[in-house]
Amino acid sequence: MSPRVSRWVLPGAVVAVLLGLWSLAVHLGRAPLMPTPWQVVVALGELCADGRLVRFTVASLFRVSWGLLTAVVIAIPFGLWLGWSPRAERALGPALQLLRPISSLAWTPLAILWCGVGDVSAVFIIFMACFGPLTVTALNGVRKLPAVHLQAGRNFGLSSLELLRRIVVPAVLPQLLTGLRQTLGVAWMVVVMAEMMAVNSGLGFLILDARNAGNRYDLVVAGMVVIGLVGLGLDRLLRQVERLPGLSWGFPAPPPSTAPAVARLRVVRSA
Amino acid sequence: MKTAAALASVPAEVSAPRRTALTVRDLQVRFSTPSRELTVLESVDLDVYEGEFVCLLGPSGCGKSTLLNVIGGFLQPSAGEVRFHGERVRGPDPRRIFVFQERGVFPWLTVEGNIAFGLHKLSEAERRERVAHYVKLVGLSGFENAWPHELSGGMKQRVEVARALAANPEVLYLDEPFGALDSITRHSMRSELLRLWETEKKTVLFVTHDIEEALQLADRVVVMSSKPGRVRRIVDVDVPRPRDISSARYLELRDSLLEEIGLAHRI
Amino acid sequence: MTRTRRQLETFLLPLGTLALLLAGWVLAVRWTGTRVFPTPQLVLDAVLGMVRSGLLMQYTADSLLRVGMGFGLAVVVGFGLGMMMGLYPAVATALGPVVQFLRPISPLAWVPIAILFFGVGDGAAVSLIFLAACLPLALHTTGAVAQVPAIYLNAGRNFGLSPPRLFFRVLLPAAMPQLLVGLRVSLWVAWQVVVAAEMIAVDSGLGYMIVDARNAGKRYDLVVAGMLLIGSVGLLLDMGIRNMESLRWVRWGFREE
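Residue numbers (this note's numbering), protein chains in the order written: chain A, 1 to 271; chain B, 1001 to 1267; chain C, 2001 to 2257.
Just so you know, the hints here were simulated from the structure itself, not pulled from any lab data. Glycine residues also receive a C-beta, built at the ideal position from the N, C-alpha and C atoms.
Some but not every residue of chain B turned toward chain C, in silico, with C-beta under 8 Å:
id, residue
1, D1093
2, I1097
3, F1098
4, F1100
5, F1106
6, P1107
7, G1118
8, A1167
Model the full structure from these sequences, guided by the hints.
As structure tokens, then:
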């Protein structure tokens, strides 16, 4: 089978088999409340029809955007500074290290205390989730900057500020983009969590509410499907941005994460 | 023409008939990319005799590395065949070991570990003895427990050669092994390689783009042309060893090779 | 800059920052006149109280146990899955899209399903952790296998290694540093998720402590104490794995060029 065809057929077959097993499991009555794939599809239709799909997705995206944006504006300069100044890193590094592993979810009580229940809380939680990764990305980007670039810059008489603007920022841009894409993935995961605790709209809320308000597990799974698809879409979108010619000079285009590798142990490459 | 005259061999004394180690017959290698078909090698015929040192010489991209990979069994040809002692080559084999540039050294093993790599069939004692012998042979005594990243390029290359030799192959393939080294190191590595070759008496197939290197090392030089890759000419290097690189014959051969490849005498 | 000065700085700067942050904290509490948010002193008292009552140990142990089980399972499945995908392109093509699709789905979105199958309790928490850690681990493993230079594998085959031997003597050692990175990243995720899982699905552990402290009496001193503990344990776990990077057989992969 030609590679192009198998790209669709193989995963398609796997998905079909999984869906089949799923249906079978439900029919066999092992989990009484679990919906069948078809019921999920119907639920998706329901969500589309009453507009909740669009509204909730937009709400979730809205929160992600705000959380991510504030994090970008604050964390990236902060990270650049930490990477640039060893003294700053020595001073603030340990504190950062201690606060980073604190799951964004653990910030929820404080978020609610400070911001009440609502959008601000959710955005705050997302901000906290994005802050660490973005700072670290910027920090590493600056650290890994080849000294030769900075030397060349100084050779041409650039001031520190100009150095920053004309050399450091363009040089770390590709890495920042990759970090941004990964952080977006995190933010998308966290928004769902945040919505389960702190607000009353959005995809996360949908899942929790659907279950609490009537064991509508078909809606639960439908919500999960939408979350998966949107998350995937966001990731793909940013990968495309990473590949833009003006931005992709730094690294070869990142391969799709499960690009088929050569069958390593067996092959003799045929001409 | 000067070239033909210069390259015509001085008639050699009749010697005992040599055994053929490798035969390549009508080899063809084609790659098809989505945009087009590329013929990398075409109609390559070659015989390599036991104990010989043969160089594949040609500019970058002429297919000499591809040819070596096919002969080594890492690549399947589109047409034609390679035979080793009469049997068809179907894949890599410990009797014919490939030496890559120093990046072939395993970074997770020490020098000793690397050299011992192919010796898993021997007993512990035999292995130790073999490793010690080859560490000494390539001049790395004292570095047995060093890690590859602590070594220079030349030293890593020697580890790789030692690793290959320790497995006692019949044939050694070397694909521009000194390419990443500076020219001074390269010079001394060449003498060392010849010393090892004369001691171990292996058949060697060596790929290079460096005319001087080919002339200094080889018994015969296979000059290749590119696009598509073919054998242009096979030159007998009849300068006696150890080679005097200022001798008249050497310079004659060098000039005619330069001409053959189409390079100028003056820069 | 002299050596002693640098050593002093390495010590004093973070301490100085810490002092500043604590001072800022105290001031903020005073200024806003909050009755609820604790001062550093109160947090410290809360921590000591927990140590004395033994709850600290128990909750931390509970959280760690869940992580251990979920992560352990994830390592086995994720590693195996990632290996299969890395070695056999057919598997990667077949399963890749499914994995890609499942990955952005927040572990918490699985909570209702997990509770449906396992009920509220350890089972749900462990399954959530498993899910959260398994997929990144699989993808990292695939990546680790893919980046092994073909030259090593060719050399291995040249020396007459059979495929199983090739796997253990060449592929695995060569991929080890990257596998370790994947392990570290997935453990990180697992630790984050255990907290989230505990907030919802069980009744012990550090995550539970935070939620319970707030719900059962607005004990924000316990909340903050819990947060700091979560941060510390997470940091220790991460440092633990980082230390593995200097082990003899992977050290080569982590040198700064």
